[in-house]
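Undergrad: What follows is the residue order along each chain.
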Amino acid sequence: MMTTSLKTMICTAAMLTLGAGAAAAQTDEKLVVNGETEITTQAPAPAHLDGALDTIYSGWEFRSPATREVQMDDFDNPGMIFVDQARQVWNTADGSEGKSCASCHDDPAQSMKGVRAVYPKWNEDAQEVRTLEMQINDCRTNRMGAEAWGYTDKGMTSMVALISLQSRGMPVNVAIDGPAQSTWEKGKELYYTRTGQLELSCANCHEDHYGDMIRADHLSQGQINGFPVYRLKNAKLNAVHSRFKGCVRDTRAETYKPGSPEFVALELYVASRGNGLDVEAPSVRN
Amino acid sequence: MNRAILSAVCVAAGVGAAAAAEVAPKDVQYGEYGAVEQSLTGQPGDAAAGRKVVGSKSLGNCVACHKISELIDDVPFHGEIGPPLDGAADRWSEAQLRGIVANAKMTFPESMMPSFYKTTGYIRPGKGFTGKAAQEPLPPLLTAQQIEDVVAYLMTLKYE
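Residue numbers (my numbering), protein chains in the order written: chain W, 1 to 286; chain A, 1 to 160.
For reference, chain A alone in the conformation it holds in the complex (with noise of 0.2 angstroms):
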């Protein structure tokens, strides 16, 4: 019975300690030019699985307006409404990317690109693609999780 009210307590405070290091969408925390140097989950993302939320349709969907040369024999016809993705850790630092991912708006104010990790602000917000009305805050586009993984995918996209 101790031991079972001891695991208990650890469970709750390893649950306790893994919310309190993910940064919600609205503590993240910009840089002037849009870098967030915090990790918003305190821990390495999964390159494999970022680049499964690049590919996918349902998820990031990165590639509808971003081409990535590495990933097209995989995932086809890619857009061309972002620059191409190829080198983007040559050209970026992590911290940057991160900033893009997270809300592209505060490193280019004027950009097209979705905020993926943003909950409120914006204009008559929908319930998914139904069309329907939704309260905010919504979910954000992608989670905590799913950003690093992004973030960690796209750092391995070098020239060299």
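So that you can see chain W by itself, here it is in the shape it has in the complex (with noise of 0.2 angstroms):
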């Protein structure tokens, strides 16, 4: 008996390293947004990852078709409504200073290219890491003299969407060293952590099954490039934070806040697994 009990724990371990081990491109596909901005899906892990993972893959490449389509043109993408909202915004003055984004920031086309692919980012002045949310509301609070928006309000994720889109296209580049370093370990710690009554950590689903169904849904690496993503689930712009908050929760434990220390830097760390991404935000996904 105890025989076949060992027996059947190794059968068990081997079946589960396969499992693990099948990392077969996701889609053949191609992601090209408007027949012209070509987004890289898939590309070889950061050295940071230590061969945990071999490939890195976008969340678009476990889609079903249909889905995948809904991004490769602006004009059927939803989240694209809420970035022309987000527009309006941007030039519009609010707060007792008078200004709006562009009275510093002028046309986003240029100020903002290539800022999502290296946030969250080391603010040295605050001497802390900042995500997208924190540095928008430093801009309203502190130099438009205007109200903090909520950390995943609506009008907030539509901004972050809109400033996300200028690097559309441009590999995701998150520096996790020098001051960085502390918060961004702190961020791997939190990741595998198991939280809940269920004992889930991010990598249980994320790292060891990625391509694996869990019950009718088809497990991704948890990439975060996509962000703000329009989930055609909730009909709306997600942000990042409030996919976390959604993962823990399903894990029966008690959830951190979005804009939470813990929450930034699992961000940090989260967005450093997909160094090499492009960032395709707005997303698509189910």
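It should be emphasised that the hints constitute simulated quantities derived from the structure, not laboratory data. Do not take every clue at face value.
To be verified - Label pairs and their in silico Cβ distance ranges:
(1) A/Thr130 to W/Tyr192: 16 to 26 angstroms
(2) W/Pro78 to A/Glu37: 50 to 60 angstroms
(3) A/Asp73 to W/Thr37: 39 to 49 angstroms
(4) W/Asp54 to A/Glu37: 57 to 67 angstroms
(5) A/Thr120 to W/Gln88: 48 to 58 angstroms
Ideal Cβ placement from N, Cα and C applies to all residues, glycine included.
Put the two chains together into one complex, using the hints given.
TA: If you want it as structure tokens, here you go:
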């Protein structure tokens, strides 16, 4: 009986290893937006992953052909509606200083090009790692004299999408060394911590079992290069921290708050796992 | 009146006996390789009830990760995270299955499988799927009876 039990355990272990090692391309299709912007949706894993993954894949590769197609044309992509709304806001003065985003940053196509690709990023003046949302609220409160937006409010997420769009097709390249390193390490620890009554870490699903089905869902690597993401499921743009919160909640855990130091650290770490994939925002997923 | 008292005493005794027979999550005895020899209820499980627990999203939801061919016509979309359970009873004894369902990490230390009969020792335990904090001990994911029912169902999964 003990021999049988051991043998079964070994077989099970072998099966699990095979599952995790099956890192073939998720789709051979290429993501080209509007027939002109080529997006890199698979790339060699960054060195810091130290062999945990061989290849990194955008979540786009794991979705159905119909969902993938919606992202290939901005007229079909419902996320672009929110980008257009944010463009209006960009040019509208708000707050006691009578300034709009455009007052200082002019045309986002020039001023914001490449910004998304390197965020979250260390801010020397504030001595902290900042997300785009934090930087936007810094501008609103300190330069415009306007009210801070809620971290995952529609207006905030739409503005993040407008800014992110200016980096579409550029590779994610967040810095993880220097002053950002301790935040990155904290994010890495959170990524591998098994939380909640289901005792699941990010890695359980998105590193060990990407490509597998969990009930009717096809597990991706949980890459965030596509955020903000328009989800067909809730018909709106979704912020990275909203998605984190949903995932942690689904482990039957007490979640962290959007904008919390924990989620900022996790965002930096998860973004760094996608260094080499192109920014896709606004992406489309189910 | 005497009869009434007698009945009350009998009912109390009956409840006492049932409670004593049920093994609390913290009292489960796991063997060296994770098996649990003793029934958690002291009574045989109900395989039909266990089949419902296995397929129900709000109960065991075992099919989220495990494929069971026998069940797929009734409950579609089985996951592929864990090994398929077809023939489980050919590979495992009842005690081993009870141990795995109650707390798989006692059999496979690194297992991703949730512990269905465990109430303490969690990191940031939440109140169900609300995202809000919860105090331990948590209610176990499945009751002792549900564990026994699932084990009884798994024991019906044979190839022959």
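Undergrad: Would you mind marking each hint as holding or not holding in the structure?
TA: Going through the hints against the structure:
| no. | hint | in the structure |
| --- | --- | --- |
| 1 | A/Thr130 to W/Tyr192: 16 to 26 angstroms | holds (24 angstroms) |
| 2 | W/Pro78 to A/Glu37: 50 to 60 angstroms | holds (57 angstroms) |
| 3 | A/Asp73 to W/Thr37: 39 to 49 angstroms | holds (45 angstroms) |
| 4 | W/Asp54 to A/Glu37: 57 to 67 angstroms | violated (43 angstroms) |
| 5 | A/Thr120 to W/Gln88: 48 to 58 angstroms | holds (53 angstroms) |
Consistency with the previously given hints fails for number 4 only.
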